[in-house]
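J.: Here are the chains, one letter per residue:
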Amino acid sequence: MAHDSGSRSFDLKAMLRDERFWKIAFQVITLLVVLLLLSFFLGNLNRNLIQQGRAFGFSFLRNPAGFSIGESLIQYRPNDPYWRALMVGLGNTLTLVVGGIVLTTLLGVVAGVASFSKNWLLQKLSRVYVGLVQNIPLLLQLFFWYFAIFGALPNPANQIGILGLAFLNNRGVYIPWASSALLAILGIAATVGAAIAALFLWRWRTKIRIETGVGGQAQSIALAVVALAWLAIITLGMNWTVPAGVEGGGVTGGLRLSREYVASLTALVFYTSAFVAEIVRAGIQSVSKGQWEAARTLGLNAGMVMRLVVFPQALRVIIPPMNSQYMNLTKNSSLAFAIAFPEIYSIATTTYNQTGRPVEVFVVMMATYLTLCLLITVVMNQFNRSVQFKER
Amino acid sequence: MTSVTPDSLSSAPPEILALGPVAWAKKNLFSDWFNSLLTVIIVGILGWGIFRLVSWALTAAQWQVIPNNFGLFMTGTFPSELYARIWALLAVVCGLAGLSWGVLGRNVSTLFSRSVLIGLGLVCAFIVLFPPTRPSSLKLLPMVALVAIAAVAGRQVGRKFPGIGKWVSLAWFLSYFVALWLIGGGLGLTPVSTNDWGGLVLTLFTAVSGIVLCFPLGLLLALGRRSALPVVRLLSTVYIELVRGVPLVAFLFMGQVMIPLFLPIGSRPDRILRAVIALALFSAAYLAENVRAGLQAVPRGQREAAMSLGLNTPTTLGLIILPQALKIAIPAIVGQFISLFQDTTLLSIVGLAELLGIGKSILANPAYLGRYAEVYLFLAVIYWFFCYAMSLASRKIEEKLNTEH
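If you're matching them up, the sequences are chains A and B in order. In terms of our numbering, the first sequence opens at residue 353 and continues consecutively. In terms of our numbering, the second sequence opens at residue 97 and continues consecutively.
Okay, chain A solo, but in the shape it has when bound (with noise of 0.2 Å):
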């Protein structure tokens, strides 16, 4: 500025057509307009909940909540609090959101990469997939799945049996499974122990194989026994229990699986696969086309080409937009309660349904999604972290 700030007093003129004093009063401004709307609005809230006698507190959520639940993993009893009845709710978000999230991953990638197959009637059937499931609201698809797939299926009398290992009828789908949770969860634990350790055994084994050219056959003897191992702790030490057809209709033995469940589920990962097939390929095509000529000419078949070169290279792109499709199915395991599919949202519709109290479990739901987008979020960017480009 030319003149000297100190002689002159205070100059509205040059503080108007100052950009930096705009910038402030403009925050001030957005800041006081903000706060004013959110004093409004909860000063009516206040003046509501206080009217209809219900101040604001969480302390309900000890009282007995009074109402059964179809499905739980934990124990659970109608004369149990309101916060256990939430904890079963979310136990059973969580199963679904657990396997929607694998089957999901699996479909998806599958439908994905079937749409660069040589294959026409494969690569046709991906894009179908995709253009057909993308296009239908998912609340359709699940009333789909719930009445007119798995509501057709015949009653227990005429149940369809699989094998003699699984059965199907309108009340759900049994399959074998552990005769007790603990050595369920046993089972589950050791799958995932063994696939670390294979993992960790493979890159071990082929970092020795790149570095000396020979060796590894130690690392090879031990991937056998940990598969050896895994499979005697599966077949062996799970004490399975086949279910069985009982006379008349009905099954005994094997897990359950409620139909609300298998709908919800199935309605999930073939409304999200579709996207997440979308996803695989913009990945997969973001991969230059010499990446592919290179790998051929070196003598790769084109399953080596896609897992080797061409899939390494694209998960790159592929993870950033995986999680929020995560982040989206968790947000829709929301819609399994318009099928009574007891999970968070439901359990907490009905409790407010029972204590009037709409902010309170408003807060409680909004919690816990973000709690549950929040961690898909950070295990996410650990994984893509681990595949971006090592640069220097």
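Accuracy of the hints is not assured; some may be wrong.
As the list claims (entries may be wrong) - Simulated pairs of lysine to aspartate or glutamate, EDC-like, Cα-Cα distance not exceeding 20 Å:
1) A:470 / B:128
2) A:476 / A:630
3) B:456 / B:292
4) A:470 / A:712
5) A:476 / B:128
6) B:423 / B:385
7) B:423 / B:494
8) A:470 / A:371
9) A:375 / B:400
Said to hold, decoys possible - Which bits of chain B does chain A cover? Going by a derived footprint, with three or more residues having C-beta under 8 Å, they are:
10) 135-147
11) 462-472
12) 478-491
Claimed, not checked - Estimated spans, in silico, between C-beta atoms of each pair:
13) B:283 / A:638: 53 to 63 Å
14) B:148 / A:537: 36 to 46 Å
15) A:706 / B:289: 24 to 34 Å
16) B:496 / A:420: 50 to 60 Å
17) B:200 / A:369: 35 to 45 Å
18) B:366 / A:430: 30 to 40 Å
19) B:289 / A:398: 31 to 41 Å
Just so you know, the hints here were simulated from the structure itself, not pulled from any lab data. Ideal placement from N, C-alpha and C gives every residue a C-beta, glycine not left out.
With chain A held as given, fit chain B onto it using these hints.
T.: Same frame as chain A, but now just chain B:
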């Protein structure tokens, strides 16, 4: 590099490629044993599925539920003596659509190319042959004619006054209020309570309202999140992240139950209004992220160039940054609109009788007990048609706006 050419082949003409269906099938379906196996398995499963579906559709399915309730599917419990108003609304939309088509295509040599004529013919044949629409074909055929006539008129007017595009946009904007007036009544028309709004009309109305409301809001949020002003940025970010962490059902629930609580004691906005507000507030957060991606894709130099030409922040944004950002973001924005359209199905959960809601209430009628597959397939076709049309339009716009070489 040295190239090795076998002597015996060096002068021979290139091998003639085998053509014909057998060669095609060999290349695309049976190139090796794995491919052949895949083909056999897929043909087996698909064939079985399609056979089951067709035999069900032709024998076991009872399709009367669709024509018997066609009025309900389209307009819900809207009083049938006032159907003329819905027809008038359809006429307005058809006229405007034709006009826009004509104005947009004013530089095309012929509006009615062969494929368009075939399409129009198919639509007319469908209207006459499809049982549910057959009773109203005397009203629907003139609508098709109206589109064609308006297109021709629009082309003539568009050639004479090249600036007409703005007025067509304005007409679309005004048509929204005409629609509100025709559906809701008032101002000389018999009022229709919002409890009687329903079916496809309500689905389209809520979707359009949601889109109209969420677009400016999403734009502001995106600009706010990219803003250099910390307070604005923080507020926008908090809003976007909070909303994106919550499922839409929870949000609609909040809209139905909590909006009255946030307002002064005793005021209770209409439930359709509450649903539309919740839908728009929800979609705005997602739209903001799409627009933000577009904003990030505009090179920094554009802003600096605009600034150095002496434009201030609002004009830089409005004239330089946003046009480029929105162009990049069009596919994502249309994708968001498609999911908003699909999300209107969730309004059936909070008790509105939109397309899926009316389907549920028809299925609750003892006369149509267990007709789930028929009703849901019919609804799926309707939703699929609208969503697919939107994504097709998005692809066309994208091609048109793609100025890169």
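J.: Take the hints in turn and mark each one as holding or not.
T.: Going down the list of hints, with the structure as the test:
1. With a C-alpha separation of about 10 Å, the suggested pair residue 470 of chain A and residue 128 of chain B falls inside the 20 Å cut-off, and the hint holds.
2. This hinted pair checks out: residue 476 of chain A and residue 630 of chain A have alpha carbons roughly 14 Å apart, not beyond 20 Å.
3. Distance restraint check for residue 456 of chain B and residue 292 of chain B: the Cα-Cα separation of roughly 16 Å lies within the 20 Å cut-off, and the hinted pair is therefore satisfied.
4. Distance hint between residue 470 of chain A and residue 712 of chain A is unfulfilled; the C-alpha atoms sit about 55 Å from each other, more than 20 Å.
5. Simply put, residue 476 of chain A and residue 128 of chain B have alpha-carbon atoms about 19 Å apart, close enough for the 20 Å limit, and the pair holds.
6. As the CA atoms of residue 423 of chain B and residue 385 of chain B are separated by approximately 15 Å, the hinted pair is consistent with the 20 Å bound.
7. The hinted pair formed by residue 423 of chain B and residue 494 of chain B meets the criterion: a straight-line CA distance of about 8 Å does not exceed 20 Å.
8. For the suggested pair residue 470 of chain A and residue 371 of chain A, the alpha carbons sit about 61 Å apart, so the restraint of at most 20 Å is broken.
9. Straight-line distance between C-alpha atoms of residue 375 of chain A and residue 400 of chain B comes to about 18 Å, which keeps the hinted pair within the 20 Å bound.
10. Using a Cβ-Cβ cut-off of 8 Å, 4 residues of the stretch 135-147 of chain B lie near chain A, which meets the minimum of three, so the contact claim holds.
11. Look at the stretch 462-472 of chain B against chain A: 3 of its residues bring a Cβ nearer than 8 Å to a Cβ of that chain, three or more, so the hint holds.
12. Under a criterion of three residues with beta carbons nearer than 8 Å to beta carbons of chain A, the stated coverage of the stretch 478-491 of chain B is upheld, 5 such residues being counted.
13. For the hinted restraint 53 to 63 Å between residue 283 of chain B and residue 638 of chain A, the CB-CB distance of approximately 55 Å keeps it satisfied.
14. Distance hint check: the CB atoms of residue 148 of chain B and residue 537 of chain A are about 39 Å apart, consistent with the given range 36 to 46 Å.
15. Between residue 706 of chain A and residue 289 of chain B the beta carbons are some 30 Å apart, a value that agrees with the proposed interval 24 to 34 Å.
16. Our hint of 50 to 60 Å for residue 496 of chain B and residue 420 of chain A holds, since their Cβ atoms are close to 58 Å apart.
17. A hinted range of 35 to 45 Å holds for the C-beta pair residue 200 of chain B and residue 369 of chain A, which are about 44 Å apart.
18. The beta-carbon spacing between residue 366 of chain B and residue 430 of chain A, approximately 37 Å, falls within the hinted interval of 30 to 40 Å.
19. A beta carbon spacing of about 32 Å between residue 289 of chain B and residue 398 of chain A agrees with the range 31 to 41 Å that was offered as a hint.
Of the hints listed earlier, those the structure fails to meet are numbers 4, 8, in rising order.
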